[in-house]
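Chemist: This is what each chain is made of:
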Amino acid sequence: MIVLTSESTSDIAQRSDDTDSLWVRVDQLKQATGWQLKPEGVCLGEICVPLFEPEREAWIADADDWVWFCYSAFADKIGQQHVRDGDVWSLGSVPEVRRMGLESGLAPDFEMTDRNGDTVRLSDLRGRKVVLFTWASW
Amino acid sequence: MNLPVWQELYESIGPDRFELISVAEDSQGEAAAGKWFDRAKPTFRCIVDPTHRISSLFGWVNVPSGAWIDEEGRIVRSNEGVFPDETTIKFGLGKVRLGNDAFAHATRDWIERGPESEFVWSAEELAAHLKPVDDDTLLAEPTFKLALHFESAGDSERALRHFDAAQHLAPDNWNYHRQGWTHKGTVYAALQVLKKSAYLRKNTDKNYYDPMELPGENHRRFTEPEWFWTPAVNGLKRLLRREPSAA
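If you're matching them up, the sequences are chains G and Y in order. Position one of the first sequence corresponds to residue 19 (the numbering used here), numbered consecutively onward. Position one of the second sequence corresponds to residue 131 (the numbering used here), numbered consecutively onward.
Worth flagging that the hints you see were computed from the coordinates, not collected in a lab. Even for Gly, the Cβ is constructed at its ideal location relative to N, Cα and C. Fair warning: there could be bad hints in the mix.
Quick list of simulated restraints, FRET-style, between CB atoms [unchecked claim]:
1) Gly224/Y <-> Leu124/G: 38 to 44 Å
2) Gln49/G <-> Glu138/Y: 38 to 44 Å
3) Thr173/Y <-> Glu75/G: 55 to 61 Å
4) Thr316/Y <-> Arg117/G: 34 to 40 Å
5) Lys48/G <-> Arg351/Y: 42 to 48 Å
Which bits of chain Y does chain G cover? Going by a derived footprint, with three or more residues having C-beta under 8 Å, they are [unchecked claim]:
6) 162-172
7) 188-194
8) 269-280
9) 304-314
The following block holds chain G by itself, in its conformation from the complex:
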């Protein structure tokens, strides 16, 4: 099963007894989605979404000798758009991250590799003015 996010493409395990929902093995959750299960809830950076008992019971399950998290149900809860075709799931941006960005006026941070093989992380360029532009060959 493949999970696409804006940051990554992950080829991860699929729960054998339920392929209708996006179940992600807990040990692969951060790699595939960026989120982590913590005692305080499901967390992405400084954002933590508490899990209440009915959700915890429904969305965390043992199967195939692993512990799984029902990410598609969680995505619906936080309003994150997702679309699938066969065994490929594609996740949209996280609304809370978007909202925080819009309210703060801060440029969204990114980390990418340039053509010289160097890492470009926008937040590393604090203290300097940055002009960023896109173009395309098409």
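Got chain G; can you put chain Y on it based on the hints?
Modeler: This is chain Y only, laid out in the frame that chain G set:
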């Protein structure tokens, strides 16, 4: 591709005064964008972005688009159509002249004068430009990503299906349209741009690029060749549509 002009601007303002980052939004990656970068011999940072990640993050819907980001990481300005000089694009049987030096002039002014520059957006202007998007637009993003995934996997049928879905969900996103149409070839893509432009020009008040709101800018609502709207061609189009003469 104005990369040589960007290089001149970068050198003339002074590489020690700012970071210039150029991002190629090309699903074919280095194979499509590499030669343009190589020809320009840029000394600024160059990134190839086959999944259009930067456009998604900044909410840009066309190329070129660009942002000024200050020393504290705040967006100062974010525009479409950021040509650094007049650019002539061969388009079908004609040529289109886009842009002029208005954006380069404003960029130079901001880098030299910072917050004192008259081109810095106020908090209100910034809020008006960085507005939330609707659910369909949010759903279009992972749908487009799905299309790019199948395109890179060589599954053309599924790629086209998801390009089409993304285009319907986000009808104003030219990146989704042009990248998707390019899957069928550059000539097909150019014809589709003309067709969509003609439809929008006739039926809406939308722009291909929104105006930058800079003094003296060369804003064209659509990137069509000049001859496309001459009286003779308009007459021919009416004839083909079997419409009565406007005279």
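Chemist: Compare the structure with each hint and give your call.
Modeler: Taking the hints in turn, this is what the structure says about them:
In this structure, glycine 224/Y and leucine 124/G meet the distance hint of 38 to 44 Å, their C-beta atoms being roughly 42 Å apart. Glutamine 49/G and glutamate 138/Y have their C-beta atoms about 43 Å apart, which keeps the hinted 38 to 44 Å range intact. In this structure the supplied range 55 to 61 Å holds for threonine 173/Y paired with glutamate 75/G, their Cβ-Cβ distance being about 58 Å. At about 38 Å, the beta-carbon gap between threonine 316/Y and arginine 117/G stays in the expected band of 34 to 40 Å.
In this structure the supplied range 42 to 48 Å holds for lysine 48/G paired with arginine 351/Y, their Cβ-Cβ distance being about 46 Å. Residue count for the segment 162-172 of chain Y with a Cβ under 8 Å from a Cβ of chain G: 5. That meets the three needed, and the coverage hint holds. Given a C-beta distance limit of less than 8 Å, the hint that chain G covers the segment 188-194 of chain Y holds, as 4 residues qualify and 3 suffice. Chain G is given as covering the segment 269-280 of chain Y, and this holds because 8 residues of the stretch bring a CB closer than 8 Å to a CB of that chain, at least three being needed.
Check result for the segment 304-314 of chain Y against chain G: holds, 4 residues qualifying (beta carbon to beta carbon below 8 Å, three or more required).
Violated hints are absent here; each numbered hint is respected by the structure.
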